[in-house]
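J.: If you want the building blocks of each chain, they are given just below.
Number of protein chains: 6
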Amino acid sequence: MPIVTIQVTREGTRPGNESVTAEEKARLIHGVSHLLLDVLNKPLESTFVVIEEVNTENWGWGGLPVEAYRRQRAAKAP
Amino acid sequence: MPIVTIQVTREGTRPGNESVTAEEKARLIHGVSHLLLDVLNKPLESTFVVIEEVNTENWGWGGLPVEAYRRQRAAKAP
Amino acid sequence: MPIVTIQVTREGTRPGNESVTAEEKARLIHGVSHLLLDVLNKPLESTFVVIEEVNTENWGWGGLPVEAYRRQRAAKAP
Amino acid sequence: MPIVTIQVTREGTRPGNESVTAEEKARLIHGVSHLLLDVLNKPLESTFVVIEEVNTENWGWGGLPVEAYRRQRAAKAP
Amino acid sequence: MPIVTIQVTREGTRPGNESVTAEEKARLIHGVSHLLLDVLNKPLESTFVVIEEVNTENWGWGGLPVEAYRRQRAAKAP
Amino acid sequence: MPIVTIQVTREGTRPGNESVTAEEKARLIHGVSHLLLDVLNKPLESTFVVIEEVNTENWGWGGLPVEAYRRQRAAKAP
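Residue numbers (full-length UniProt numbering), protein chains in the order written: chain A, 1 to 78; chain B, 1 to 78; chain C, 1 to 78; chain D, 1 to 78; chain E, 1 to 78; chain F, 1 to 78.
If we strip away everything but chain A, and leave its shape as in the complex, we get:
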């Protein structure tokens, strides 16, 4: 009966995408469900997966909203 919760920022991974696509979500669900089958022998039908997309202004890292933190890191990179 595993429950897997995947929290990611709501943004695209490729140019032109503004969010995680349905196909990417399906791959995440497939992959993590099979991982639990392989490692812990959990039947596929007993695993629930919930994907939570979080707006970037609601995600903090490094003491800043994540987009500000990314800009700060990019500016510091050698």
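Everything labelled a hint here was simulated from the structure, so no lab data went into it. Among the hints, a few may not be true.
Given that identical chains are not distinguished, each listed pair holds provided it fits within a single copy or across any two copies.
Stated by the list, open to error - Derived SDA-like pairs: lysine to any residue, alpha-carbon spacing no greater than 25 angstroms straight-line: (1) LYS76 - GLU11; (2) LYS76 - ASN17; (3) LYS42 - GLU52; (4) LYS76 - SER19; (5) LYS42 - ARG14; (6) LYS76 - GLY16; (7) LYS42 - GLU24; (8) LYS76 - GLU53; (9) LYS76 - THR5.
Position chains B, C, D, E and F relative to chain A; hints supplied.
T.: Chains B, C, D, E and F alone, transformed into the frame defined by chain A:
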């Protein structure tokens, strides 16, 4: 001080509804708060309830997005 | 496919009990699963319930650990 | 590697605002990240913060949706 | 910055084990972190994974504590 | 009615401590509750805080259990 989190798919339970209705949410909040009062003697004013609605493409079951899994199960049913 | 998470402090509800009993947990699981069946027509076998017990020193209310807050409220009561 | 999740109702804190503002979110992220640095010596870059905004009809308190509960409390106040 | 939470019952997957082993946990962490790299292009160092083990009496399925539900299902199997 | 969940590894922050101390937990509860009062004007008595301590073998970072990841980073540091 109980906290109850109820996660459900964002879809209607009756024809014509596209999501859980405000009246259904109020019944869930009422029911679970009184359950905690009855079973654990928790005062109503000390219980918080949070209902999270999850888009069906973000919910996985059986290694698939839930709508694909339902179709698969329906096709297999005798 | 609802998921219900119930967070409560790890303490007994009656004299002599130091935590929620197995019988009380079974009543919570039964009650909330039937609530989702009654209100949203969710089959019992599609509902997961997770009960999380939290040590009182890990639970805050009113800006204080919960036991300190209860003492403060009791002292203020008329 | 702390993870801090802040759940609040989706509503403004000042007249004219309908939700938590980006500036308020940034202050929450800054404040809680520095709190973990001060109290537990966690580096800022190892703390994630997620702010979840919940519609008021999805939040229960006192056995009621929170807006109904507030009205009830206001009506009872001396 | 993904956060993945994996909730499973606290029990062994093989005879002689009473819980998930450290090696199984490491495989779960490795697998899901690489899944997020493959599907969403998230760098390994930006993914947090939290594994929560839940006592079986705290996990409900089918309206019952999970061990009672498993016995019920086994008794019904043809 | 904010709910704040703080997840940290179960380990001491100073030599001789094996976990977060009660005094450190009280400071976290105090700090975050006052932050919500200051930023969002939430009364102290309407904020719940839950601190979850996670064993280091249950926490993953960089595709590894966190202690292995820390060793890897220390070995790479110039």
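J.: All hints, please: hold or fail.
T.: Each hint tested on the structure:
1. LYS76 - GLU11: Result: close within a single copy only, 23 angstroms intra versus 31 angstroms inter.
2. LYS76 - ASN17: neither (27 angstroms within a copy, 35 angstroms between copies)
3. LYS42 - GLU52: For LYS42 and GLU52, both the intra-copy (23 angstroms) and inter-copy (16 angstroms) Cα distances are at most 25 angstroms.
4. LYS76 - SER19: Neither: 27 angstroms inside a copy, 33 angstroms across copies.
5. LYS42 - ARG14: Between copies only: 12 angstroms across chains, 33 angstroms inside a chain, cut-off 25 angstroms.
6. LYS76 - GLY16: Neither, since 27 angstroms and 36 angstroms both go past 25 angstroms.
7. LYS42 - GLU24: For LYS42 and GLU24, both the intra-copy (23 angstroms) and inter-copy (13 angstroms) Cα distances are at most 25 angstroms.
8. LYS76 - GLU53: neither (28 angstroms within a copy, 32 angstroms between copies)
9. LYS76 - THR5: neither (33 angstroms within a copy, 28 angstroms between copies)
Hints 2, 4, 6, 8 and 9 from the list above are not met by this structure, while the remaining hints are.
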